[in-house]
Amino acid sequence: MIHIDDIGTMHVAWETGSTLGVVPGIDLVKRLDEEIPRHKIF
Numbered sequence: 001m002i003h004i005d006d007i008g009t010m011h012v013a014w015e016t017g018s019t020l021g022v023v024p025g026i027d028l029v030k031r032l033d034e035e036i037p038r039h040k041i042f
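Position 30, counted from 1, in the sequence shown is what this note's numbering calls 30; the numbers after and before it change by one each time, with no gaps.
In case anyone wonders, no lab produced these hints; they're calculated from the structure. Accuracy of the hints is not assured; some may be wrong.
[Unchecked claim] The list that follows gives simulated cross-link-like pairs (lysine to aspartate or glutamate, DMTMM-like), each with its CA atoms no further than 25 Å apart:
(1) K30 / D6
(2) K30 / D5
(3) K30 / E15
[Claimed, not checked] Cβ-Cβ distance ranges computed for the label pairs, FRET-style:
(4) E34 / V12: 17 to 23 Å
(5) H39 / I4: 16 to 22 Å
(6) E34 / I7: 31 to 37 Å
From a predicted model like this one, the values you see are computed outputs, not experimental measurements. A virtual CB, placed ideally from N, CA and C, is assigned to each residue, including glycine.
Sequences and hints are given; from them, build the entire structure.
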């Protein structure tokens with residue numbers, strides 16, 4: 001997580017280099033403790 005803004009959006013830096021704001025209570029995000037092989041994601 002990069003930071004939380006004034007309205008509570010959590011801004012996340014993903015491994016791909018992109019960033020995205022996650023809104024608690026609206027967006028569903030799950031932490032993965034193990035790396036998933038790329039061929040299983042796509």
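Hint numbers contradicted by this structure
5
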